[in-house]
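These protein sequence lines are chains W and B, in that order. End of the first sequence sits at 366 in my numbering; the numbers just go up one at a time, nothing left out. End of the second sequence sits at 558 in my numbering; the numbers just go up one at a time, nothing left out.
Where hints are given, some of them may not hold.
[To be verified] Heads up, simulated PhoX-like pairs for lysine-lysine below, C-alpha to C-alpha not over 25 Å straight-line:
no.	chain 1	residue 1	chain 2	residue 2
1	B	Lys392	B	Lys192
2	W	Lys337	W	Lys286
3	B	Lys137	W	Lys258
4	B	Lys122	B	Lys137
5	W	Lys191	B	Lys104
6	W	Lys246	W	Lys234
7	W	Lys258	W	Lys246
8	B	Lys104	B	Lys122
9	B	Lys104	W	Lys286
These are calculated hints, taken from the structure and not from any lab test.
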Amino acid sequence: MQTSTKSASRKKILGGIRQRTLSRILIYSFGIIITSLLIWRIVVVAEQTSYTSQYWVSQTINGLLLGGVYALVALGYTLVYGILFMINFAHGEVMMIGGFAGYFTLQIFTTLGWTEGPAYLAVLSILLVIAAGMVASVLTGMTLERIAYRPLRTAPRLVPLISAIGASFFLQYAALRIFGPSPVNYRKPTLIAGGWSLGETGIIVTRTGVLIAVISTLMMIGLFIIVRRSKIGRAMRAVAEDKETASLMGIDIDKVIAFTFALGSALAGAGGVMIGFHNTLMKFNTGFIPGLKAFTAAVLGGIGNIPGAMFGAILLGVLEALGPSALGLPTEYKDVIAFSLLVLVLIFRPMGLLGEVLAEEKA
Amino acid sequence: MNFKESIRLGLITSGILIFLDLIGLPLTSGSAIVFIFTIVVGLLSFLMLRNRNGERSTLLNASISGSIIGAISSIGIVTITTIFARLQADGIRVNKVFAQILPEHTGALTGLTKVEVLSGASIWPGILKLCILFIVAGTIGGGLTALQSDKTSSRTKQFSSSPYGRYALLVLPFLLFGSFMLLKVEGVQIGGEDENTLGLLLVFLFISTALFAFRGARPGNERKLISIAIVFLILVLPQLTDLFQNAVLSAVIIFVVMGLGLNIVVGYAGLLDLGYVAFFGIGAYTFGLLSAPESFVLVNLPAFGGVTFWSGLPIAILAGVITGVLLGIPVLRMRGDYLAIVTLGFGEIIRLLLLNLRDFTGGPGGVLNIPAPIVFGVDLGNPKGIFYLGMLFSGIVAFITIRLRDSRLGRSWIALREDEDVARAMGINLVAIKLLAFATGAAFAAAAGALYASRQVNIFPDNFTLLVSIDVLSLIIIGGLGSIEGVVLGSIALIGLPEILRSVNEYRILTFGALLVVMMILRPEGLLPSARRQRELRGEAIAESGIASE
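Work out the full structure: start from the sequences and follow the hints.
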């Protein structure tokens, strides 16, 4: 009698294992099918179309720059996720508000004539525009945390997420009401308009691109120093590890979380100004899709992992710039590429390419 | 009294007023804005001074705090109005930057006309009036906090449980229905030109209070009687309402069907799906493409004698189920936040495909001339017919939902929502129940989509944006996750009411966003919560009160 129940339970366990291997086999075969389809498509398209190598190089450069902007926003997701284990759904909107603030400051400096004045004034005005975007984003991000997230810190997981979705749409449509439906136009100062061509290759590097590259690199280095070397960075890492123990060690959790939001929002604000300079247009929903892509980037690199977010963002930027031409799709599908990438990463490597800092069970 | 605290609260009020000003409230409400802002100041002053950890301040102190709040709150709005008025008088078009700040806007706040603002008339009389009103409102609001006693708050709580309150609750929907009937009587002139809007409002109130009455009725004969009476009245309702009212009600009922579907996915299984509109779109497009005369595919399947609503509906539902399962497979292993964003991506991908697969879906041109449903030779292609059909649909869907909820599957879903790991440990096949949740939700959405397609006659990819998902999500959350009555209440409040208050419509999504945040903080279980969820989220409070009452 006993042996029969034992064998039955063993059968069940074996069945469970078989089920798991079965699903794994399914997933892998699915992966193989997708990969082969992709390769086949790329080969077919490559035979039909003939883009020059210059085209590919300049697209890659474009992708790298876009990736730099995504990285600034993606870091905000990763920082907040690392500490609160929640996705700040409204982060893209925080970026959009930074972009608008940057636009108004730019208008002021254009009216004052600083942007077209001597080089030092132009540089100063560009830096001040970025700073204005950062300040506005920091204020938005911290208010958001205080009102929409802090009261819900102990609530079930779905509750803060719904609150974040609400906040995202609230900010988006508040911006629509306040600034109107038509986009505002970022007028580039002459200093960063145009570009340099690289020798005889015919590849052009835009000055805006260089600005984006320099600023994002500096910001990321700064962030790295803050998180790794400063006292508050150590506190952040401690809170991310274990909130209760950290508070026992005398760390003010509320303050650290607020600081994390401020840090992430500051980067997003800079990213918003960069997107403004890059696209030259800024609209109430400008933040939404880049926000989702930055999230994709954060997941791609492994959410909660700071170097991962940077790496994922740059990879995503390049794939997005090269993808449509390589697959022979119209550029309208570039958003589809980003989303498909997100789904594929979550299916095959949910911990991200560089590995998630957290175990999968927590996610 | 605390000066610093009052100043801080005043600054918060000031910020809120400036925000309301910038989003263009004065422009949409005209001269009523002075009144609205005054009420806002009074209310905020009351609410912010009320909860002070039980310490009761004297009337004088509370009033002074309130007046400080009022005074400080007026400073911000006065400053920006002065600046804007000055700029407008100089001929600068402020609305290039702040879209809502037109001369009429400044005029509404200061009691001037557009021409007076542009010619630079003095705004000070209007501004002074504003300041005085704000201070008075703040003082009254603050003063009221000192007068309010603990008894009143407990009395309101007891109201619905006292026998008279309960009877009032039961009779109220019928009174409202009666007053709606009164509007129909010849010779009764209430509301003038807005009579049909007023009628619609009464219908909404009737249905909403009917839901509460159903909740308040004692189980047994009382509840049976009430529900039979309500169902009867709702069935005769479309005969009494006019074309406009039926059109709004048919839109509401379609969202009820969709809401019930999403309720299964989010409310029961706890899978936050932000791409729900995809299934709605698939249902609408499947039915539309199969049945429209100029469709790009399968022109009307001549072998079957043309696709009617009733032969198209099962195909649409099937298409919904298939996409539901297909989209469900990749997200099986994802949880909470990831799932939300991936499903959102799916929704967008489906919309982009509808938009860009021109040869198949007609692209931005949409699908035109979708036939109306016909039952026994009766053409239901009018708002009344769609409303009846919607009632039939939602009735069936609600029945299925209740049966599923009480079944083994429903309990598995709730277990999944509560804790995935524990559910798996209990031997629940997570893959099967997740896919079933997606498939059921998708089936309901596809049915709603087919109904929507035949209501709209022409459908376009723009009908199926992310905002539809957000509408449905907001309505089930505000109504109460997992509660069927909540879905109906949510649809009326979020889809129906904005149709009545046209000017509010401009703030619709803005308000939904704010409502989601506020609801999550103050009442996460929704307005009409399901009993189980209420106990979960308010469990401790109820347990405590239970101990206290013992």
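Do the hints match the structure? See the list:
no. : hint                  : in the structure
1   : Lys392(B) x Lys192(B) : holds (17 Å)
2   : Lys337(W) x Lys286(W) : holds (19 Å)
3   : Lys137(B) x Lys258(W) : violated (41 Å)
4   : Lys122(B) x Lys137(B) : holds (19 Å)
5   : Lys191(W) x Lys104(B) : holds (19 Å)
6   : Lys246(W) x Lys234(W) : holds (16 Å)
7   : Lys258(W) x Lys246(W) : holds (12 Å)
8   : Lys104(B) x Lys122(B) : holds (17 Å)
9   : Lys104(B) x Lys286(W) : holds (13 Å)
In summary, the structure is inconsistent with hint 3 from the numbered list given earlier, while agreeing with all the others.
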